[in-house]
Every structure is written in structure tokens, then in C-alpha cells.
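Enquirer: Protein chains in written order, with numbering that gives the first Met the number 0: chain A, 0 to 102; chain B, 0 to 98; chain C, 0 to 309; chain D, 0 to 108.
The set of hints was computed from the structure by calculation and includes no laboratory data.
Among these hints, one or two may not hold up.
Computed from the model, here is a short list of chain B residues facing chain C with C-beta under 7 Å [to be verified]:
(1) E2
(2) C9
(3) L12
(4) V22
(5) A35
(6) F38
(7) G42
(8) V64
(9) F65
(10) L67
(11) T72
(12) V74
Across the chosen pairs, the derived CB separations fall in these ranges [unchecked claim]:
(13) V23/A x C8/C: 18 to 26 Å
(14) A9/A x P90/C: 53 to 61 Å
(15) V163/C x A61/A: 44 to 52 Å
(16) A9/A x V152/C: 49 to 57 Å
(17) P189/C x L12/A: 31 to 39 Å
(18) G181/C x H95/D: 35 to 43 Å
(19) I23/B x P90/C: 22 to 30 Å
(20) S260/C x N43/A: 54 to 62 Å
(21) G252/C x W60/A: 39 to 47 Å
(22) V23/A x R185/C: 34 to 42 Å
(23) I23/B x A61/A: 38 to 46 Å
(24) M86/D x E24/C: 18 to 26 Å
These figures come from a predicted structure and were not determined experimentally.
Using N, Cα and C, we set each Cβ at its ideal position, and we do this for glycine too.
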Amino acid sequence: MSPLELLSAAFLLAGAAFCLAGTVGVLRFPDVYCRLHALTKVDNLGLGLVVAGLALQSASWATALKLFLVWLFVLISSAFTCQLIARAALRRGAVPSGGRREP
Amino acid sequence: MHELRTGLACFLLLNILAGMVRVIRGPTLTDRFIVAQLFGTTGVGVLVLLAADAGRDALRDVALVFALLAPVTVVAFVRFAVGNEANGASAASDEEPRP
Amino acid sequence: MTDVLLDGCLALCLPLLAWLVLRTESLSQAVVLFVAFGLLSALGWARLDAPDIALVEAAVGTGLTGALLMHTLSWTEETPPDVRARARRRPWALLATAALTLLLGWAVLALPADSPGLGPEVEARREDSGVKHPVTAVLLNFRGYDTLLEIAVLLVAALGARAVNPRSERASSDAAKDPLTGELFRMMTPALLLVAGYLVWVGDHGPGGAFQAGAILAGGGVVAILTSRMGTPRMSSLRVRWALLTGPLLFIGVGVAPLLSGRRLLELPEKLAGTLIFIVEMALTVTIAMVLLMFFPGTRPSRAGRGGER
Amino acid sequence: MNPWALYALSGVALFSVGLVGLFSHQHVVKRILASNITGSGVLLVLVALARRMSSGPPDPVPHALVLTGIVVSVSSTALGVALARRMARLQAEATHLPEHEPRSDGEGP
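So that you can see chain A by itself, here it is in the shape it has in the complex (with noise of 0.2 Å):
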């Protein structure tokens, strides 16, 4: 295993990791508001992590950044996904915990 791979490997293990927070995160967290926020911890985090991986491994530059390129169009639609969604939970009155667990 080439210094090269591991550092993939060792990136690929992040992201995964991060991408299993953020599950977690959407599983566990009491109002809509937090999950959303570990919904877009995956979005950039887990799958930047994967791609920098990928791309450390991957054959040719066109590759690299294609999967970059993949990374860009998901890190713009969370952005945007998360303040839309966010406002549209307030509008429908979904009230924030506050800190006490929702039952």
C-alpha cells in the first residue's frame, strides 16, 4: 500500500465517518432544525471527504475533477436545500425544542 493509498484510505474512513454522524444526527437530534443542520454535515464534510479520496486514487486529472465537480453541485444545492427547507419549517410552524426532547 503506497503512502498515496493510505492517505485515500484514511480520507475515505473520514468520510464515511462524517456521513455516518450525520445520520445519526437526523436520527437523533429532537426538532427539525438540528437534523437539517447534520443533514448538511454530510452533504460537505462526508462527501468532500470521499471525494478528496477518490480523487487522491483516481487515474487522470479529468477524473479529479469531475468528482470535484460532483462535490461543487451538491455543496450549492445544500446550501440553498438547507435555508429553504429551514424557512419552510418555520412557516409551517414547526416549533424549535428549545433544548427539552419533543416525546
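Starting from the structure of chain A, add chains B, C and D where the hints point.
Expert: Frame of chain A; chains B, C and D shown alone:
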């Protein structure tokens, strides 16, 4: 390397399955919708991991399309799924007009 | 080893997810699970070495179906008021379906496990199909007749949907001036157009083509309609009609032309086949995008806002 | 080990789950979803059969069929939803209930 990538793809698939719990338990439509977005991004992750195998370069285009079209459902959700969450009615359109 | 794990897990998840979609009483849960089902089936196509189909599933599943079902949520009751009971489970129906499943399973497994199907035939004739990608060769050259009729099916479905749901005149709500979705639309459009063009071009030698590109353009169109940047395509406007008709008319023209020079219907001349297919695919992309947009209910922009929008 | 048998059986299971869902639901939209699931079960069996040879590229003919099949199934779903919506409107008018759609419904342009 192939084993690691496929193993991680499997791990992300299990993540998607774990998300089903929130879809079923989620009190409101917004919670369910958030999980749908989570699936979209995790799906892109799985596709990108699978695309690294030999001969499967086209899967990166699929991941690109997923990433590009994710906001479409969100915009539709924001525009259409107007409902009152206070009484847990997820999306049933209520009778009284909304401000 | 992990390949078997991934395939097994995916093959198990699909029916499980489908059962979840149909088990719930609440429609919103069914809709979200159905969108997740579309995603998992796209992963299934990817694992079965079918990138073209994964592309169409992705473009159509996330672009159209999700938005359409979200709109459905806004006009349907959660469950019809009179039938609050759980979905009725008729015992004999379950028994019959179980027997049918076993029969189908046995029939599928009884098929020869090593037959290459029509692959070699297509491979042999691929050079004179004008394109290098076998799926596009089959779709637009060897089975051009099937694709032509399929485009007619799409047109009929679009006309039917619009006839049943005429666009009602509604005052444009506040969404018109919403900066957030407007900005989203402004950033998404160039990327969508670029990727759609790329997919039509790459269809010649890789997975891609008219259907995928059309579905992506339709996804962009849906965002345009929802952010009131564009009115729903009006049946009365000439441009919409021409957009609907360019694909089929061009395809029929290209199909009938060989008859004049003594060849059979849809037998494209080898030398011109590649360029003809590309031109037909461009026209089909426009038609498919317009057809998929016709499905999307919406309203005419109010009289006041008529100026700018089509 | 070639996974085609796995996916073929999964397609058959999808078909039967969709079939059961089709018969056991009253709600029109859920029946549309069920018929969509049945359709994708059939398509999965077709593509699984195309992948029986583990060496070399899969058979492109079923791929072309399934490709057009998916676009047609979306169109039929959209048409089904449009018809269901028309029924909902007519039922609403017939029973003189207020329009089911809230005033600020997505009917905005």
C-alpha cells in the same frame, strides 16, 4: 482498494436503511423530507465510490445528475407541501386559508 | 466478498422498501419512501452495469417524480375520509400473489444462466449503425421503430394530462419575488443546460442520449415554473406546439426518406447514420423535455405578469 | 459469483409487492405508486437477465427497452396523477365541499 470502496459503499447503503427509521417515525413531512435529501447525498456518495471501479466511469455522470437535480424536489416541497404542522397534519391541505 | 454483500443488501432492500411504501397509510410517508425507492433502484441499475438506465432513473426520479408527487400531496387527503380502515388484506389475494411469485421466481431461475441474449448480434452490426455506443445504436437505429412509437405514446400522454387538467388562472403568489429560489434558479440553469448538452453528445459513444438530456432539461424547467420564472407551457402557443412536434416529425422524416431511394423504412444510410441520429436526438431532447413539462400542473401567469413570461 | 439471479428474484418480489399494494389500497395515488413499483419490478427482471453473462458487456437490447420503459412509466404515472386530480376536483364540486386545494396552494404560477 476495490474491497475498501465496495465495503464503504455497503456501509453507506446501510446508512440509507438506518434513515428509514426517521422516515417512518418522523412526525412531520419536513422531517421525512430531510431524510429524503440525506438519501440523495448518500446515494451520490455510493455512486461516486462505485464509479472508481474499472469500466464504470459513466456512474460519475449519474452522480452528477443526482447532485444537479436534488434542488428540484426541494423547491417543489417548499412551494406545494404547505400544511399546518402544529397539529401534526403533515400535508393534508387544511380548510382555513393560510396567511 | 464485499461485492456479494453490496448486491445482496441492495437486492433485499428494494422489495423491503417497496413494501414500506405500500404499507403506510400516510401519503406523505409513501411519497418520501417512493423517492428513496427511485434512488435505490438507480443504484441497482448501476450495479447491473446499466449506466444508461441509472442515468434516466436519476434524471426522471429526482427531477420529475419527486416534484410531481409533492404537488400531489397538496391536493389530496391523507387518506380518503370514508376509508379510514387499514388497507383491506384479502386472504385469498395474498395466497394467489404468493403462488404467482413462486411461479415467476421458478420461471426466471429456469432460464439458461449463460445465454448472451442479442449482445453478439448487436456487436456484429455495430459498425454500420453510425454510433459506437451499443444502447444508442439499438435505441435509434436497430429498433428505431420502437422509439418512434414510444415518442408518440409520450405525446398522447402529455395531451391527455393537459386536457384533463386545464391550467387555472390564479393570482401569482408571493413566490414570484422570492430571492432565494430565484438565485437558485439562476445558478442551476447554466449547469443544467451544459450537462444536458454533454449527455446528448456523449450518447454517441457512451451512456447518454435524448431521454436523459430531455429529463434533465425538464427538471430545470420545473424549477423555472415553480420559481415563477416561466409559465407552464401553454398549449395555445405556437412555439410549444412546434417544440412538441419537432422530435416526432424529424424522426418520421428521417425514417421515411430512405423509402424514396429504394431502401426500407427507417434504414438509415451507413455514411449519414451518425449525423442523422445526432440531429434526431437533439430534436427528441427538446420534445421529451417539453412533454415532461406538460405533465407539470401550474397556471398561466396572471394578466399582469404576462409581459415577460412566455 | 454473478448476482443476476439475486436481482431477478428481487424484481419478481417487487412485482408481487406492487401487485398486492395495487389491490389492497383505496387511495388512488397509492394505487398509482403501486403500479409504478410493479413496473419497475418487471424492468429489474429484464435488466438482470441482460447481465447473465458475467464476462464482457451486458446485452444492450433489454437496456434500450428498459430505458424507454422508464420514461413511459413516468408519463403514465403523471397522466394517472392528472386524472386522479380531476376526480378529486369533481368529487369536491359534487359534494359542495370547499375546493380541497388551500387558497395559497401551489396553483401559483
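Enquirer: Each hint: holds or not?
Expert: Comparing the hints with the structure gives:
1. E2: 5 Å, holds
2. C9: This interface hint holds because 5 Å falls under the 7 Å limit.
3. L12: The hint holds - L12/B has a Cβ within 7 Å of chain C, the shortest such distance being about 6 Å.
4. V22: Holds, about 5 Å.
5. A35: 5 Å, holds
6. F38: Cβ of F38/B sits 5 Å from chain C, so the hint holds.
7. G42: 5 Å, holds
8. V64: Result: holds, 4 Å to nearest chain C Cβ.
9. F65: 5 Å, holds
10. L67: 6 Å, holds
11. T72: Where the cut-off is 7 Å and the nearest Cβ of chain C is about 3 Å from T72/B, the hint holds.
12. V74: 5 Å, holds
13. V23/A x C8/C: 18 to 26 Å: 19 Å, holds
14. A9/A x P90/C: 53 to 61 Å: 56 Å, holds
15. V163/C x A61/A: 44 to 52 Å: Roughly 47 Å apart at Cβ, these two residues keep to the hinted range, so it holds.
16. A9/A x V152/C: 49 to 57 Å: 51 Å, holds
17. P189/C x L12/A: 31 to 39 Å: Check passed, 35 Å falls within 31 to 39 Å.
18. G181/C x H95/D: 35 to 43 Å: 39 Å, holds
19. I23/B x P90/C: 22 to 30 Å: 26 Å, holds
20. S260/C x N43/A: 54 to 62 Å: 58 Å, holds
21. G252/C x W60/A: 39 to 47 Å: 43 Å, holds
22. V23/A x R185/C: 34 to 42 Å: Distance hint for V23/A, R185/C holds at roughly 35 Å.
23. I23/B x A61/A: 38 to 46 Å: With a Cβ separation near 42 Å, I23/B and A61/A satisfy 38 to 46 Å, so the hint holds.
24. M86/D x E24/C: 18 to 26 Å: 20 Å, holds
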